[in-house]
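Read off the chains here:
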Amino acid sequence: MTASRPPTLVLGVIGSDCHSVGNRILQAFFEEAGFRVVNLGVIVPQDEFIDAAIEAEADAILVSSLYGHGELDCAGMRERCIERGLDDILLYVGGNLVVGKTPFDEVRRRFEAMGFDRVFPAATDLEEAAHLLREDLQRRRQPAAVTA
Amino acid sequence: MTASRPPTLVLGVIGSDCHSVGNRILQAFFEEAGFRVVNLGVIVPQDEFIDAAIEAEADAILVSSLYGHGELDCAGMRERCIERGLDDILLYVGGNLVVGKTPFDEVRRRFEAMGFDRVFPAATDLEEAAHLLREDLQRRRQPAAVTA
Amino acid sequence: MTAPTLQWNAFLETREEVLASWPTGRDVRLEEGLAVQRALPEERRFATRMREAREQRALLLQPRAGVSLVDEHIRLLRYLETEGGADLLPTTIDAYTRQGNYPEAARGIERSVVASTSLLNGFPAVNHGLAECRRVVESVSRPIQVRHGTPDARLLAEITLAAGFTAFEGGGISYNIPYTKRVPLERSLTDWQYVDRLAGHYTAEGAPINREPFGPLTGTLVPPCIALAIGILEGLLALEQGVRSLTLGYGQGGQMIQDIAALQVLRELAAEVFGERGFPDADVTAVFHQWMGGFPPDEAKAFGVIAWGAAVAWFAGADKLIVKTPHEAMGIPSKEANAQGLRATRQVVSMLADQPWADPPAAAREREVLAREVRAILDRVLELGRGDVKAGVVAAFAAGVLDVPFAPSVHNRGRVLPVRDHEGFIRLFHPGSLPLPDDILAYHRDRIAERARAEGRDIGFAMVTDDIYAVSKGRLVGRPR
Amino acid sequence: MTAPTLQWNAFLETREEVLASWPTGRDVRLEEGLAVQRALPEERRFATRMREAREQRALLLQPRAGVSLVDEHIRLLRYLETEGGADLLPTTIDAYTRQGNYPEAARGIERSVVASTSLLNGFPAVNHGLAECRRVVESVSRPIQVRHGTPDARLLAEITLAAGFTAFEGGGISYNIPYTKRVPLERSLTDWQYVDRLAGHYTAEGAPINREPFGPLTGTLVPPCIALAIGILEGLLALEQGVRSLTLGYGQGGQMIQDIAALQVLRELAAEVFGERGFPDADVTAVFHQWMGGFPPDEAKAFGVIAWGAAVAWFAGADKLIVKTPHEAMGIPSKEANAQGLRATRQVVSMLADQPWADPPAAAREREVLAREVRAILDRVLELGRGDVKAGVVAAFAAGVLDVPFAPSVHNRGRVLPVRDHEGFIRLFHPGSLPLPDDILAYHRDRIAERARAEGRDIGFAMVTDDIYAVSKGRLVGRPR
Ligand code: B12
Ligand code: B12
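Protein chains in written order, with this note's numbering: chain A, 1 to 148; chain B, 1 to 148; chain C, 1 to 481; chain D, 1 to 481.
Quick caveat, the hints were computed from the structure, so don't treat them as lab data. Each hint should be verified, as a subset may be incorrect.
[Unchecked claim] Per label pair, the in silico range of CB-to-CB distance:
{"hint": "1", "chain 1": "C", "residue 1": "E52", "chain 2": "D", "residue 2": "T117", "range": "47 to 57 Å"}
{"hint": "2", "chain 1": "D", "residue 1": "K473", "chain 2": "C", "residue 2": "R107", "range": "42 to 52 Å"}
{"hint": "3", "chain 1": "A", "residue 1": "T124", "chain 2": "D", "residue 2": "E72", "range": "26 to 36 Å"}
{"hint": "4", "chain 1": "C", "residue 1": "S139", "chain 2": "B", "residue 2": "P103", "range": "55 to 65 Å"}
{"hint": "5", "chain 1": "D", "residue 1": "A462", "chain 2": "B", "residue 2": "T124", "range": "20 to 30 Å"}
{"hint": "6", "chain 1": "C", "residue 1": "A364", "chain 2": "A", "residue 2": "E106", "range": "50 to 60 Å"}
{"hint": "7", "chain 1": "B", "residue 1": "P103", "chain 2": "C", "residue 2": "G278", "range": "55 to 65 Å"}
{"hint": "8", "chain 1": "A", "residue 1": "L126", "chain 2": "C", "residue 2": "G278", "range": "53 to 63 Å"}
{"hint": "9", "chain 1": "B", "residue 1": "A123", "chain 2": "A", "residue 2": "T124", "range": "36 to 46 Å"}
{"hint": "10", "chain 1": "C", "residue 1": "E42", "chain 2": "B", "residue 2": "R84", "range": "58 to 68 Å"}
Just so you know, even glycine gets a beta-carbon here, dropped at the ideal spot from N, CA and C.
Bound-form chain A, shown alone:
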């Protein structure tokens, strides 16, 4: 990633999930917020995210899952990224991630354990998410010595 071009995000709704409304809004929001967005839309398999991230030299993958199968669909995604050479790409996930009303801390734990860098509930303030994303990207750009 060079300093001159805007950070690139790959966006999509994973698995067999068809919820398209939030996806449209996320695309509009992050573009407006100055990111380059590659939006894969809904019903996106893990590999399609990774293909797109490689092709676009993306800085982060933003996975959405609304329909409840998030846990089933996201399992192994971090490993798959590494396998395909995306060693330290940022992995965010958000939405209604599990089946049924569940305390969010519990949900966060499960998805962090799967290797996601940040986990968001459906009721997320997007400004806040964008802020965290910029911070996380900033941190990765800087040499480890500076952040340490």
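Given the structure of chain A, go ahead and fit chains B, C and D with the ligands onto it with the hints provided.
Using the frame of chain A, we list chains B, C and D with the ligands on its own:
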């Protein structure tokens, strides 16, 4: 109590409680169900219940409390009955007996501990209550040997 | 006709007795109270917020709430502000205080401290006294009102108004007939003239106090004509003593068209009558109460009742809405349940806020009938009093010209028996001695007969009982099982 | 114009492939299914209950519900019968099954057994197979329907209808465009002709199957004209294959007058169009869906949305109401939350049941505009298909004559952009290529312009986004902050 006359109930809403609607209905219901009812209405002190029970040679006192001060208002009522010579009068209590939503088992325990024979929540099937009342009265009429 | 406004000197004489009747009364100073009131910012003044609501066609939400201890009460109110989003706050007074039984209230406070939970069904403001009440007022950022049910509220008013409460609910009829058993009307009306005179004094001295007759009365199948007549009469009594900010109330009856018509007629007639009687400057607003009868014990169903009440309040164009909670049938609500009632209500009201509403055609007929009914009652009451409102009210209750169904007071005839018609309207089955025109009585009879035919049963107390239970069992009309 | 009804022999040929596509298909025998269906008592037959509801002006309540494992699913349905008081039951199918991904569904079942909680978002009926599905049907005492979102539902229909489900939701448009990304319309329409032919066969053989196009589509600001046109077209497609019991649906838009008008127009136009096209004997009923867009996460607020939807369904005269739950924004509801939604809804509906309703005057205008819009779209679709409905639909989507806002399908143009007007009506900001008369487009523009003026901002995607979020944030119209 003789077998010929209908059992007599003293009815009233205890303490500073003004809820009169249920009281009207209880009177109409128990009269219809064949009881003689002495209805003291609302805002009835303990002693007024007892006076009326003595005067009417009542078989049971039915105390209502809706407004939440039931525990405060009913404390010592059983003792007071005994003190005034009503040794084994039936004491029923019903309504919204304590302040705030409380598991009914807990409420029952507290009022039984105060010496009430039966304790009813506001959502009581009156037919059921009348049935229990008849049973309880029946049991008292029969010599102890028969029920034991 | 005697000049109805209490003479200031006579008032001051009575005042000494009132303040001497319980130790906390001694702390009250009128000038101090006025200073506190005058210093309040406008957004914490009830009268101002109510007037703004009317002008902006807003619907303000207010819960009921009160617990035994001061700190706990403050926590409760703050919670209702922040988590409930209440626009207006209450302080609901416990039932011992309402009956002037301060020793029992004191015992309740003590036992609450020991039990470390509230054992009283409200906030014992008189026992806590001026300084503690002021602490309550100062702890919140919304206008705050005293809500109770007290036939003799003189000391309560002295203390709470001096503490900075800017609104005071009740009246000599509405806080006697549904709330007490033996208090003579003449006495409660006189005691409330005192309260109104006090509120009128604050008003004249630059600190308007909002006064609100208790519209729902027994909350149980009250025919709108009775509620409206009483509300307007109490309004007049308050105006006579110098009150200017008046909020007239109506408790949801459940039939949408009837409820909407009732609130509209209340507003219109009040303005007319107040004008005719020399109070064109009365600042009148309207409050709607969500269903005041027995609630369903199930919380989900209670939410249904609450939300529907919210919608009707909006349609009826109320300025304020008194909100119930999902715990209603169970007991005094937890602060969480109270805030839930507010939020469910807010959601409905704000989803409707932008939507235009046009009354259904049937509302016009109900309005017309109702206006004639209320006028007939008011005319007769004023006639009985030869122009004197208080005397008229006393005579009217004695004669059954005013008569509140299911009320506990022995001074209420209790001859009126209401029942719903086939479409859910509350009608008069027994009109008692209400002075209604014959054609209107026939209208009531016909509508009820229609239901009796449809249900194939006679009209009688069983039908009334079914109607009383109906909402708590999930219907409006108590149909035979 | 080709005869649209599938030839029986061609159907049977395809059928072999369908049943062979997954092992559980092998168990299905048509005659056995018919026997099961015919043996059902009438009170468990969907078509019968829906017709009765229309005749008796009743409003039947139905939840959504489905979990991974059979016993758990049965417990859930029974709970909704007894504790929820549901009139009609669902079996909501999981999203893997909807996409025909039975291996994933199998994995979900296994992992659910291990986790001993449902990890699927619905009931994987195909994987469980005929006998287990029959066990579900036999375990309940209300009519039961399959609800899903499956573009190719042939195997699902074969199994569930043979198991005794008496109603089947969906259609070639409504279960493609909002639910999938790349499935060609031509294919889903053909696959749904198969489903309808199957349902038509059952119908002809004395076991009427109720069919219900999915009215709400994306559930998000769908202009009523689009939803209604699609519903009527799917109805026609089903009728062509022999279906007779049809329930047409509409998802609450939130503006009361618009919602009421929409359901009425849907009924009227459907009857007209079906009559004109040779199906005067169609047995049409109407279903209303409580708010299908984003819900408020707060449960109390969700109850507000639910209760208000119940009231509007009643006003609109629906025969059936699909009920949401207080968990809607959070996740698949627990059985308790599901029953709560039902009970809150029941309370409102039954409190309104006796009350007459008269449409507000504004409804007439909306009805007129809407009827012209739908007619215009339908005419153009049928013109494009030269009388053939299926061909017309395919051509119409390609041309943007049919266009569903926010839909994920690449076969949907996605040029239509809706936005609310100042009073909350859903209007067309971008009409895309919808073939609407100029005066109507001007009407939409004017109404939206009014809002833009009032809010002092331009119409644009920001306003649309605000509207999408509005209800979940406690309003109907997404006003600027
Ligand atoms: C109507 C009403 C009023 C009216 C009463 C008018 C009147 N004079 O009757 C008004 C508005 C005046 C009122 C005032 C108050 N009320 Co009130 N009121 C209600 C309400 C909504 C309905 C009561 C009713 O009429 N129900 C219908 C009748 C038929 O049912 P019922 O009263 O429960 O009676 C039946 C049963 O209880 C049972 N039953 C009763 N006694 C007995 C005895 C026996 C032996 C048996 C077998 C059965 C039995 O049978 C009766 C007939 O079916 C209830 C809540 C509810 N239930 O929804 C609150 C409620 C009772 N009120 C309550 C309170 C606190 C008050 C106030 C103190 C104000 C306040 N702080 O909120 C004042 C009381 C002042 C006073 N001095 O008493 C609380 C009590 C709280 C608690 N227990 O924790 C309740 C539960 C509301 C709440 N959740 O806060 N109230
Ligand atoms: C509209 C809707 C539908 C529409 C979708 C139309 C479409 N094509 O988009 C229809 C009706 C078709 C539908 C279908 C189904 N749905 Co649906 N649907 C909803 C509903 C009501 C609103 C969703 C929505 O559009 N919200 C508005 C947008 C703006 O918000 P959003 O989607 O949450 O997206 C935002 C956030 O999540 C966040 N976000 C999302 N991803 C990410 C990622 C990152 C990195 C960040 C920072 C933020 C972020 O930002 C987004 C923008 O603000 C929700 C419930 C709710 N929320 O109220 C249920 C819901 C999502 N659906 C649900 C289900 C289960 C289904 C079905 C499987 C049917 C069923 N069994 O009930 C099918 C799905 C089939 C499939 N293959 O996917 C469940 C999911 C349950 C769970 N997780 O436990 C929900 C929660 C309802 C429920 N409580 O049961 N649905």
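Against the structure, the hints:
{"no.": "1", "hint": "C:E52 - D:T117: 47 to 57 Å", "in the structure": "52 Å, holds"}
{"no.": "2", "hint": "D:K473 - C:R107: 42 to 52 Å", "in the structure": "47 Å, holds"}
{"no.": "3", "hint": "A:T124 - D:E72: 26 to 36 Å", "in the structure": "31 Å, holds"}
{"no.": "4", "hint": "C:S139 - B:P103: 55 to 65 Å", "in the structure": "32 Å, violated"}
{"no.": "5", "hint": "D:A462 - B:T124: 20 to 30 Å", "in the structure": "56 Å, violated"}
{"no.": "6", "hint": "C:A364 - A:E106: 50 to 60 Å", "in the structure": "57 Å, holds"}
{"no.": "7", "hint": "B:P103 - C:G278: 55 to 65 Å", "in the structure": "57 Å, holds"}
{"no.": "8", "hint": "A:L126 - C:G278: 53 to 63 Å", "in the structure": "60 Å, holds"}
{"no.": "9", "hint": "B:A123 - A:T124: 36 to 46 Å", "in the structure": "42 Å, holds"}
{"no.": "10", "hint": "C:E42 - B:R84: 58 to 68 Å", "in the structure": "59 Å, holds"}
Hint compliance for this structure: hints 4 and 5 are broken, all remaining hints hold.
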